[in-house]
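*Asks:* Chain by chain, the residues:
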Amino acid sequence: MEFGIGAYAVLATTIFGIGALGFVVRRNFLVQLMSVELMLNAVNLLFIAFNRIYVEQHGGQSFAFVVIAVAAAEAALGLAIAIAYHRIHRSVETDLADRLRH
Amino acid sequence: MTALFALAPLVLLLVGGLLIMLVDAFAKERVEVSALVSTLLGASFVVAAGSLLADPNPSGLPAEITRYLAVDATGYFTDVVLTVAALIATLAAGSYLREHELERPEIYLLLLLSTFGAMVLARAADLIVLFIGLETMSLAVYGMIAMRRNNARSIEAATKYFLLGSFAAAIFLFGAALLYGATGGTSIAAIRDAIRGGHAEPALVMLGLVFTLAGFAFKVAAAPFHGWAPDAYEGAMIPVTGFMSVVVKAAAFASLLRVFTGVFGDPLLMHPTTGWPTLVAALALLSMLVGNLGALGQKNIKRILAFSGIAHAGYVLVGFASLHAVPEDATAAILYYFLAYAGGTGLALASLVAFGSKGLEAVDVDDLVGLGKRHPLLALPMAIAMLSLLGIPPTAGFFAKLFLFQAAAQAGGIFAWLALAGVALSVVSGFYYLRIVVALYASEPAEGAVVARPMRSGYVLLAMVFGSALVVKLGVMPGLYLDLALEAGRGLFH
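From first to last, the protein sequence lines stand for chains A and B. Numbering follows my numbering, in which position 101 of the first sequence is assigned residue number 101; successive positions increment by one, without gaps. Numbering follows my numbering, in which position 17 of the second sequence is assigned residue number 17; successive positions increment by one, without gaps.
Be aware that a few hints might be false.
[Stated by the list, open to error] A few chain A residues that face chain B, going by a derived Cβ cut-off under 8 Å, partial list only: (1) 54; (2) 60; (3) 66; (4) 68; (5) 78.
[What the hints assert, rightly or not] No farther apart than 25 Å at their CA atoms in a straight line, the calculated lysine to aspartate or glutamate pairs in the DMTMM-like style are these: (6) B:160 - A:98; (7) B:160 - A:37; (8) B:358 - B:483; (9) B:160 - A:95; (10) B:299 - A:98; (11) B:160 - A:93.
Simulated from the structure, these hints should not be mistaken for lab results. Here the structure is a predicted model, which means the values were calculated and not measured. We put the beta carbon where it would ideally sit given N, CA and C, even for glycine.
Please build the complete structure, drawing on both the sequences and the hints.
*Replies:* Following this line, the structure appears as structure tokens:
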């Protein structure tokens, strides 16, 4: 059975939505980080699916590679901040961060 | 080779930054990294300003470069703005970190590389390069905020900014993916041509526009995407706050300018009632309201400047909303505004650094009480900065606002009303800007109150002299700089 590009676009948008929802609803640093990664991977899927329309060039695939590399750097930095956060709060629940503005 | 020379402001920062990293790693004695980094930023500033005056639109560059990075007058102008702001922040950091015993060479290098990312972002002619520049800039800023890793406030600020920043980057990317799907291009020129040629699916283009705009609005802290700004600005060290509030904002705005005049410059998309100008006008009005009203109740000076930054993002967006009617004037006004805002905010935060010393830091407005009487000369730059941000002549801020609101008035219709709202809310902003000036000069500290004691350090004084000169010069002879901004803006429309 052959799936069209539209099906991939719908799938990617759904995954993106799940990631965005997870980011907004959950209050755990690591889960929020994973939600963002989910969103980025949904974007990658979208880029690669769209690249099937424009096969003569590889703009979408190149973009996906760049996103993968940058997402890795972002995750490394995010985990470092998560460790610093955990050392202070002994937890990664982001609700505990409420010292500012008080 | 010519391309390397044409991009000298960027190449200098990148190569210099990598070299300083090596020198610092292998040197036997402690290296004065702050001095090296300021020198490098100064050199980059001189080269960018020189290129802007001598040969702003170099020709004969290979297409492999210009397809990805724009080499034009607009690019040199934004280079000047970004290096000025970064230089002020570096000099302020040189004093601040030593005084508070936080000195670490990494922070200067992060600052340098973040500036490089900002310059790439401001020049990006391709969405892939734009994304790389955006992330190079942002990741370094997250690191700079988290540098005080035992400080709960800093880590809280870093956490909030990092999580929301990556979320916004993902939103922007989703928009970029939709634009790619609609047009098959990743470069601004290719997407523009596809849209103009009518080959693009309008629904995808509109969605792409909304998502990319939301991503940018987050980076420039425009309402309703501003929630992170006050906390992130307050939790960061003062020089880092200065860097974030100017460099990140100006670079994101410059990139927004390129994308929206390029990709979405189509007359149909730019239609004043059915196109994006209405959308941007709504963001502008909301930002001016949230920023100016939010700042009124604040005591912490960094939070006041955060809300002031939201309000100024609103003023700049007024210029964006007028781009459809008077493209050249509005672009020049926006570019001029960057310079004025960089001078004003940079100067305010440098002054805040100079006002404090270890254990006696200036944090709230109350800490400044009477400082102008004890140290009249030292307090003067802060007063100049506040007057400029408020927009009182003869300072930079007056002409910056004048040019912007003039452009909006020329656009007419709802945009003229927007300009009127901007003027009215600028009057409101007088309450919180002048409160600081009054605290400095007119009030007496309460008996036995703890007041901030100014530090003695050369770096920050240099930053204050530099910033004051810029703000006053932009206010005394605005014509010279406006001509440069006009010339720089024209590059976007040829």
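*Asks:* Does each hint fit the structure? Answer for all of them.
*Replies:* Consistency of the hints with the structure:
1. Contact between residue 54 of chain A and chain B, as hinted, is supported at the beta carbon level, the nearest pair being about 4 Å apart and thus within 8 Å.
2. Because the beta carbon of residue 60 of chain A sits about 6 Å from the nearest beta carbon in chain B, less than 8 Å, this interface hint is met.
3. Using the Cβ-Cβ criterion of 8 Å, the hint placing residue 66 of chain A at the interface with chain B is satisfied: the shortest such distance is roughly 5 Å.
4. The beta carbon of residue 68 of chain A is not positioned within 8 Å of any beta carbon in chain B (closest approach about 12 Å), and the interface hint is therefore violated.
5. Against a cut-off of 8 Å between C-beta atoms, the interface hint on residue 78 of chain A holds, since the closest Cβ of chain B lies about 6 Å away.
6. Taken as a hint, the residue 160 of chain B and residue 98 of chain A pair is honoured in the structure, with Cα atoms around 10 Å apart against an allowance of 25 Å.
7. Proximity of residue 160 of chain B to residue 37 of chain A is assessed by CA-CA distance (about 17 Å); at most 25 Å being required, the pair is judged to hold.
8. For a cut-off of 25 Å, the pair hint linking residue 358 of chain B to residue 483 of chain B is broken: about 44 Å separates their Cα positions.
9. Only pairs whose Cα atoms come within 25 Å are accepted, and residue 160 of chain B paired with residue 95 of chain A is accepted, the gap being roughly 11 Å.
10. A hinted pair counts as satisfied when its Cα atoms are at most 25 Å apart, and residue 299 of chain B with residue 98 of chain A qualifies at roughly 17 Å.
11. About 12 Å separates the Cα atoms of residue 160 of chain B and residue 93 of chain A, which keeps this hinted pair within 25 Å; it holds.
Hints 4, 8 from the earlier list are contradicted by this structure; the remaining hints agree with it.
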